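> Quick note: the first sequence, position 156, residue 439 per my numbering, numbers continuous.
If you are wondering where the hints come from, they were derived from the structure by calculation, not from laboratory data. Just so we're clear, the structure is a prediction, and the values are computed from it rather than from any experiment. Check the hints yourself; a few may be wrong.
What the hints assert, rightly or not - With a cut-off of at most 30 Å between alpha-carbon atoms, the simulated DSS-like pairs for lysine-lysine come out as follows:
| id | residue 1 | residue 2 |
| --- | --- | --- |
| 1 | Lys443 | Lys563 |
| 2 | Lys699 | Lys672 |
| 3 | Lys564 | Lys699 |
Unchecked claim - The calculated label-pair distances, taken between Cβ atoms and stated as ranges, are:
| id | residue 1 | residue 2 | range |
| --- | --- | --- | --- |
| 4 | Gly523 | Lys563 | 34 to 42 Å |
| 5 | Ala582 | Arg410 | 52 to 60 Å |
| 6 | Arg414 | Gly317 | 40 to 48 Å |
| 7 | Arg318 | Gly523 | 21 to 29 Å |
| 8 | Ala347 | Arg612 | 31 to 39 Å |
| 9 | Gln662 | Asp484 | 56 to 64 Å |
| 10 | Glu407 | Arg581 | 22 to 30 Å |
| 11 | Gly565 | Arg477 | 24 to 32 Å |
Beta carbons: idealized from backbone N, C-alpha and C, even for Gly.
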Amino acid sequence: MIERTFDMVPPILHVDLDAFYASVEQLLRPELRGRPVLVGGGVVLAASYEARAYGVSAPMGVRAALARCPGAVVVSGSFDRYVELSKAVMEICRDHTAAVEQISIDEAFLDVSGSRRITGEADEVGRSIRRRVRDEVGLPISVGVASTKFLAKVASARAKPDGMLVVDPADELRWLHALPVRVMWGVGPVTEERLVRHGIDTVGRLAATEPAALARMLGAGSGRHLHALAWNRDPRRVGGGGRAGSVGAQSALGRGLDDDRELGRVLLRLADRVSGRLRKKGRAGRTITVRVRFEDLRAVTRSVTLPDAVRSTAALHHAGMPLIADARRSRPGPVTLVGVSVSNLEDAGPVQLEIPFEPGDPLRPGSPEGDAHLRVDEQVDRARARFGKEAVGRASVLLDRRGRGVPDAFRELAEKDDR
DNA sequence: TCTGGGGTCCTAGGACCC
DNA sequence: TCTGGGGTCCTAGGACCC
């Protein structure tokens, strides 16, 4: 038997900044180093490893987190700096290979098969990235090296915090099969429970289970997919990804709202955010989905697919209002979260007419009102680009502080838009 | 562990067409 | 007039990921 090596199998790196937001705060404020740090306001967005030792993790409420870890320092978040430092780290990655696929603000896959002759062996690349990120940026980063994206990601998670793990291709299945099923991509609490109930508690047992049996437990798609991953058959190439399939926004409402007009204002704010991002991307969508959550945390969704793609604030608001009403008819009581998202996306020309609704509807295309709505949006976009996001907007929205939840800066970090 | 905001993917039923 | 089987689209819900 021939031993598999990285000469035969292209090495893939997964790099993952450790407790990113919290580490940045400790970098910026030396007095926080070595101390438990929580980033967030009402809810923990990130916890330092010192805080995690007390059982604190996102998205726990800050009060609950402080109950577990009374000595923790709570900071509100330096979102501009997170973006800045993330960019610096990604630049270092790109110094080692052009094939960098960033998957979130603090994570990326690298394919180093092309550049390895120039920049060294895969593990050397990993060491170099870790050294430079520590020396030039000042942050800890963990690296996994393996033959597939899936395995590289599992490896970096096992390397944390501030470590590196190279999975030898000759030994990878033995290594993977010894791990608990929960490390699998796509196995969360529910699927784990289901598998363990059938005696499948390790990846090895998962691999040894007939795909048909897994399909019966988890559904055809998930069963087959999981079985393939358990044998490290992961066909995904670095640089895949592609364009976003949906654009959305949501807002938690604290103790809940029962008033239709107030909910309408929350929806208008969300429609404004979503439509602005659509226009920025030059996209429009046909399916509008509204999500409404109630006090018991159960959520109801309602959607509608329009004959033509839309992207104006007015159109999203107009389409969303009856969906909220419909969702509320299905359950009584105050609403604790509203979300709206647009899918079925297509490219939108610079001036696209909108035909979302019935004949005679004021938002119909060609109607002076329908076109006017989009032109107003475009003027607002321009004014915001020049004078800032809060410079202009609908009065009912600007004056209403409710339904804001986390800062807009954090929302922007979470957007998957063109990184 | 009662919980934010951004996403992806899968399932399943029904409508509709050929 | 009844019948089969397959494909596609829409809708609602849910699990999962960062």
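> Indicate, hint by hint, whether the structure satisfies it.
Tested hints:
1. Lys443 x Lys563: violated (37 Å)
2. Lys699 x Lys672: Holds, at about 19 Å.
3. Lys564 x Lys699: holds (12 Å)
4. Gly523 x Lys563: 34 to 42 Å: violated (23 Å)
5. Ala582 x Arg410: 52 to 60 Å: violated (45 Å)
6. Arg414 x Gly317: 40 to 48 Å: Check failed, 22 Å falls outside 40 to 48 Å.
7. Arg318 x Gly523: 21 to 29 Å: violated (40 Å)
8. Ala347 x Arg612: 31 to 39 Å: holds (34 Å)
9. Gln662 x Asp484: 56 to 64 Å: Check passed, 59 Å falls within 56 to 64 Å.
10. Glu407 x Arg581: 22 to 30 Å: violated (51 Å)
11. Gly565 x Arg477: 24 to 32 Å: violated (42 Å)
Violated hints for the displayed structure, listed by number in ascending order: 1, 4, 5, 6, 7, 10 and 11.
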